[in-house]
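Participant: Residue numbers (the working numbering), protein chains in the order written: chain A, 12 to 415; chain B, 12 to 415.
Errors might be hidden in some of the hints.
For chains that are exact copies, the list does not tell them apart, and a pair is met inside one copy or across any two.
Mimicking SDA-like on lysine to any residue, the simulated pairs with C-alpha atoms at most 20 Å apart in a straight line are [stated by the list, open to error]:
{"#": "1", "residue 1": "Lys-103", "residue 2": "Asp-64"}
{"#": "2", "residue 1": "Lys-140", "residue 2": "Ala-248"}
{"#": "3", "residue 1": "Lys-337", "residue 2": "Leu-120"}
{"#": "4", "residue 1": "Lys-140", "residue 2": "Phe-364"}
{"#": "5", "residue 1": "Lys-140", "residue 2": "Asp-126"}
{"#": "6", "residue 1": "Lys-140", "residue 2": "Glu-118"}
{"#": "7", "residue 1": "Lys-140", "residue 2": "Gln-189"}
{"#": "8", "residue 1": "Lys-337", "residue 2": "Thr-53"}
{"#": "9", "residue 1": "Lys-337", "residue 2": "Ala-312"}
{"#": "10", "residue 1": "Lys-266", "residue 2": "Trp-406"}
{"#": "11", "residue 1": "Lys-337", "residue 2": "Leu-82"}
{"#": "12", "residue 1": "Lys-266", "residue 2": "Leu-407"}
{"#": "13", "residue 1": "Lys-103", "residue 2": "Arg-404"}
{"#": "14", "residue 1": "Lys-266", "residue 2": "Val-366"}
{"#": "15", "residue 1": "Lys-140", "residue 2": "Arg-187"}
Hints are computed from structural coordinates only; laboratory data are not their basis.
2 protein chains.
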Amino acid sequence: MSVTAARMFEFRLEATQGLARAGTLTLPHGTVATPAFMPVGTHGVVRGLSPTDVARTGAQIILGNTYHLHLRPGEGVIRAMGGLHRFTTWRKPMLTDSGGFQVFSLEGLRRIDEDGVEFQSHVDGTYRKLTPERAMEIQWTLGADIAMAFDHVVPGQAPYELACEGMERTLRWLDRCQARHGALAAGSAGEQAIGEAWEQSPAGSSDGPIVRQTLWPIVQGGTHDDLRRRSLEGTLARGPWTGIAIGGLSVGEPKPVMHRILETLAPELPRETPRYLMGVGFPSDLLEGIARGVDLFDCVAATRNGRHGTAWLPTGRINVRGAALKGSTEPLDPECDCETCTSYPRGYLRHLFVVEDMLGLRLVSLHNIRFLVRLGEQARTHILAGTFDGWSREWLRRYHARGA
Amino acid sequence: MSVTAARMFEFRLEATQGLARAGTLTLPHGTVATPAFMPVGTHGVVRGLSPTDVARTGAQIILGNTYHLHLRPGEGVIRAMGGLHRFTTWRKPMLTDSGGFQVFSLEGLRRIDEDGVEFQSHVDGTYRKLTPERAMEIQWTLGADIAMAFDHVVPGQAPYELACEGMERTLRWLDRCQARHGALAAGSAGEQAIGEAWEQSPAGSSDGPIVRQTLWPIVQGGTHDDLRRRSLEGTLARGPWTGIAIGGLSVGEPKPVMHRILETLAPELPRETPRYLMGVGFPSDLLEGIARGVDLFDCVAATRNGRHGTAWLPTGRINVRGAALKGSTEPLDPECDCETCTSYPRGYLRHLFVVEDMLGLRLVSLHNIRFLVRLGEQARTHILAGTFDGWSREWLRRYHARGA
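Generate the whole structure from the sequences, applying the supplied hints.
Facilitator: Take a look at the structure:
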């Protein structure tokens, strides 16, 4: 990695409390104060929300799905329009997943071998193939700040043999991802990089090649502690990395199992490297993850719940369609500072769901995203102040109290 | 009408050019510079748009549908929440229709007699009745700035006998509307009015009862000039009015017929009273109406077209799904100043429709509303400058050129 690349993708650890960490991740399109929740922009859009809406939630980085963007509109179209940032008009940092999770989820429509995954598009039925190299090429063309390695994902409760096979293949594929991504980065030296920052980064004017995208590996190994440890060892042996992801969790295994694996990995993970827990989570998962050393999260639950009228509150979740909200002039969450909670009465939000106006889906999605973003902000404040443990315990007690 | 009411609902005619007029309508919740397009907020929401979105289009007044709001959430719920303005958080002027148009459209689900219209709710199948008195009570309870009279609407191409019957009944019902609305207004003297302005109007602190809502009559008579004239005469005989609506047009009759009726009515309409052409229209209808003396318009076409991906441009309409937009980095309408046109490339808008994300519907609806609102603003500027005729002719020529 060049000097410039290292400076472009810096992570500065600012405070810790127990395993919990507060830091700042610098990327070509801006910085991310951690811990942080990253909304999911499946098709280059966070479902139903404008980039301006998303920015107003305080989100610092969003995720784009390589599988979906490859199918529609295709990475070539996005490249021709100036890359993913210009295409979506989202000016802050972005991360793309590798498409691995999506193609492995296409049960019955995919064929896996050592080379990669052949799959049938859910859009037009055409046969396509993703390999570690293709996943790197597509992501490079899309031009997000962070590209994810192409991993072999196994089902949540996979037995040892299967989890081991997936974990070992993920390491072999990581070699291929690293080689291809390195070649793409080297080949781009001196040329106008795709995904160029909207506002020229200071690093861009200095010595060395300008590397606009970094690659993060993914630790696999299912629910088996020793496989997870071996996966991490193998990953670190191929480093250094500017960030490390933990994949294959929150896919059906019991919560205590996820927590145990995070605790197993935490002491082995490099202190100065940001840790990204993929596909997590719900509000309590965020706090449990932060308490176990996670810096970055993504999940579709905020928008999916929002579309179904489920809003998160500090006292647990609420169904916005519920008769109890009829005629209520109270805000959805009196403690929240989002557009929805500061502008609209509960009775109006309920009415929007009753008459099936899409404004309702948008307003509850907005609140849920702000809820998770703010939870990251609050956790960060408490970690910096050294009060995270007590605050987090009290927060979780209140959140779960109604169900108890 | 009390002195206070007259001042609360003042219309000041500022300039004319031929039949075209520019004026300012003062209402309890603000002023409306005319000519003006009024977006339709069917269920107390302009489909898919937040009140903030709508305000940013420059819209000065929106319409709420009494029929829909009566069914859901019910005017009692809205009253308990502080009236339609507080319910929707739209702080500017509002107008409610009477529900007449909707219940007369419920073919097969309604029974009409001199008393009113019995109809079956499209939501839950319950039988309900709207009469002139009920329409006034519901609208008073909703609390918009302007209430519309309950009229007998006949089909667009209704024969003379039927159109005459509807027109005469509309006049008889106007007497009943006027009596009931007057009683409601008188009864409210001294009490906190529903729909109270968010910011206390200066008129509220002066002598006389505070009247927060005015009633506008509707001229009917189908496509028959003499019936239209008789309707207007009968209406004026029951005045004075703070505004007069022309209903039953743009319901299937040829455009020249609508233009002829507007021309027939224009010289008979009081100069100092605003004229509202109901349910109109498309961009060219706005200019044709303004040229014939209309001050205010409403129509769902802007949002309905927006949801179907049809955008209005100065050169005619365009299908946002069209393959020609794929990969385009151009704005939708380079001459437009709306959020959609100043923020997003065409290729991204097309992508949103292809992946069926509701953000696309919203962004094109926003543009279409801004397009009509801006057309009103431009017409006004040209009327004030005395250049309306030439500008309007050239605008229409360019708009229709492609189809010619």
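Participant: If a hint holds in the structure, say so; if it doesn't, say that too.
Facilitator: Hint-by-hint comparison with the structure:
| no. | hint | result |
| --- | --- | --- |
| 1 | Lys-103 <-> Asp-64 | within (13 Å within a copy, 23 Å between copies) |
| 2 | Lys-140 <-> Ala-248 | neither (28 Å within a copy, 78 Å between copies) |
| 3 | Lys-337 <-> Leu-120 | neither (45 Å within a copy, 28 Å between copies) |
| 4 | Lys-140 <-> Phe-364 | neither (41 Å within a copy, 26 Å between copies) |
| 5 | Lys-140 <-> Asp-126 | within (9 Å within a copy, 70 Å between copies) |
| 6 | Lys-140 <-> Glu-118 | within (15 Å within a copy, 55 Å between copies) |
| 7 | Lys-140 <-> Gln-189 | within (19 Å within a copy, 72 Å between copies) |
| 8 | Lys-337 <-> Thr-53 | between (33 Å within a copy, 19 Å between copies) |
| 9 | Lys-337 <-> Ala-312 | neither (25 Å within a copy, 30 Å between copies) |
| 10 | Lys-266 <-> Trp-406 | within (18 Å within a copy, 64 Å between copies) |
| 11 | Lys-337 <-> Leu-82 | between (42 Å within a copy, 14 Å between copies) |
| 12 | Lys-266 <-> Leu-407 | within (14 Å within a copy, 65 Å between copies) |
| 13 | Lys-103 <-> Arg-404 | neither (32 Å within a copy, 46 Å between copies) |
| 14 | Lys-266 <-> Val-366 | neither (37 Å within a copy, 34 Å between copies) |
| 15 | Lys-140 <-> Arg-187 | within (15 Å within a copy, 73 Å between copies) |
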